[in-house]
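S.K.: Turn these sequences into a full structure, and let the hints guide you.
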Amino acid sequence: NAGVTQTPKFQVLKTGQSMTLQCAQDMNHEYMSWYRQDPGMGLRLIHYSVGAGITDQGEVPNGYNVSRSTTEDFPLRLLSAAPSQTSVYFCASTQSDGLPLHFGNGTRLTVT
Amino acid sequence: EDQVTQSPEALRLQEGESSSLNCSYTVSGLRGLFWYRQDPGKGPEFLFTLYSAGEEKEKERLKATLTKKESFLHITAPKPEDSATYLCAVQALLGQKVTFGTGTKLQVIP
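Residue numbers (the working numbering), protein chains in the order written: chain A, 363 to 474; chain B, 51 to 160.
What the hints contain is simulated information worked out from the structure, not anything from laboratory work.
Glycine included, every Cβ here is placed at the ideal spot set by N, Cα and C.
Please note that the accuracy of each hint is not assured.
As the list claims (entries may be wrong) - The list that follows gives simulated cross-link-like pairs (lysine-lysine, DSSO-like), each with its CA atoms no further than 27 Å apart:
id : chain 1 : residue 1 : chain 2 : residue 2
1  : A       : K371      : B       : K92
2  : B       : K107      : B       : K155
3  : B       : K119      : A       : K371
4  : B       : K129      : B       : K113
5  : A       : K371      : B       : K147
6  : B       : K92       : B       : K118
7  : B       : K147      : B       : K107
8  : B       : K147      : B       : K129
9  : A       : K376      : B       : K92
10 : B       : K118      : B       : K155
11 : B       : K155      : B       : K113
12 : B       : K147      : B       : K118
Said to hold, decoys possible - Stretch by stretch, here's where chain B covers chain A in the computed footprint (C-beta under 8 Å, at least three residues):
id : stretch
13 : 404 to 411
14 : 459 to 466
What the hints assert, rightly or not - Here are the in silico distance ranges between beta carbons for each label pair:
id : chain 1 : residue 1 : chain 2 : residue 2 : range
15 : A       : R406      : B       : E120      : 18 to 24 Å
16 : A       : T377      : B       : T126      : 48 to 54 Å
17 : B       : S133      : A       : V374      : 26 to 32 Å
18 : A       : G413      : B       : E51       : 36 to 42 Å
M.R.: This is the structure in structure tokens:
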């Protein structure tokens with residue numbers, strides 16, 4: 363039982379490049395979400411999904427795209443990377459409202 | 051808008067020196083308040099969920115309490131392995147959004 367798995371662990375991009383951060387969970391959780399963590403700002407919600415085929419925007423969605431074709435996977439796409447997107451990205455999942463989130467170990471992204 | 055404020059930002063304790071971390075919150079109806087522990091280079095790890103004022107949860111040297119405006123994470127006789135950043139988060143009754151505080155970085159000196 364791996365929990366929430368994120369790949370890659372580290373990534374360096376040049377401004378304007380695109381990439382996809384992968385997230386997979388094996389707990390059959392309906393709810394999945396993406397956060398970014400920046401110093402002094404806490405975890406901020408980017409996008410979330412309450413089930414396969416359903417996604418919605420969080421607090422800071424601009425520049426990011428998501429889709430949810432299966433219960434297990436919730437990839438995050440950076441369309442055209444900018445230095446402001448340098449951050450640590452966490453994927454999290456939970457079975458339902460009111461239950462704690464289970465986090466992956468993050469992807470550290472640097473955009474130069 | 052839901053808000054979570056944690057204090058202090060950083061705390062340095064001697065091994066065995068008990069203390070408390072504070073989490074003040076405003077939310078339009080509380081579904082749950084969560085405490086997490088985060089080690090460097092890792093994702094947050096769940097510690098406790100509190101649902102209503104007066105509730106308390108304990109795990110080893112940690113005890114979490116909840117009032118209508120704040121939560122405390124009490125650390126009794128801490129050890130160096132308790133060193134980590136502790137995050138507080140709230141979820142409102144309406145919607146799925148979980149709002150996080152910026153955390154308290156705890157360092158326990160042997």
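S.K.: Are the hints correct? Go through all of them and say.
M.R.: A quick look at each hint next to the structure:
{"no.": "1", "hint": "A:K371 x B:K92", "in the structure": "10 Å, holds"}
{"no.": "2", "hint": "B:K107 x B:K155", "in the structure": "21 Å, holds"}
{"no.": "3", "hint": "B:K119 x A:K371", "in the structure": "37 Å, violated"}
{"no.": "4", "hint": "B:K129 x B:K113", "in the structure": "15 Å, holds"}
{"no.": "5", "hint": "A:K371 x B:K147", "in the structure": "25 Å, holds"}
{"no.": "6", "hint": "B:K92 x B:K118", "in the structure": "31 Å, violated"}
{"no.": "7", "hint": "B:K147 x B:K107", "in the structure": "23 Å, holds"}
{"no.": "8", "hint": "B:K147 x B:K129", "in the structure": "34 Å, violated"}
{"no.": "9", "hint": "A:K376 x B:K92", "in the structure": "25 Å, holds"}
{"no.": "10", "hint": "B:K118 x B:K155", "in the structure": "24 Å, holds"}
{"no.": "11", "hint": "B:K155 x B:K113", "in the structure": "17 Å, holds"}
{"no.": "12", "hint": "B:K147 x B:K118", "in the structure": "19 Å, holds"}
{"no.": "13", "hint": "404 to 411", "in the structure": "holds (count 5)"}
{"no.": "14", "hint": "459 to 466", "in the structure": "holds (count 8)"}
{"no.": "15", "hint": "A:R406 x B:E120: 18 to 24 Å", "in the structure": "22 Å, holds"}
{"no.": "16", "hint": "A:T377 x B:T126: 48 to 54 Å", "in the structure": "49 Å, holds"}
{"no.": "17", "hint": "B:S133 x A:V374: 26 to 32 Å", "in the structure": "29 Å, holds"}
{"no.": "18", "hint": "A:G413 x B:E51: 36 to 42 Å", "in the structure": "26 Å, violated"}
Of the numbered hints stated above, those contradicted by the structure are hints 3, 6, 8 and 18, listed in ascending order.
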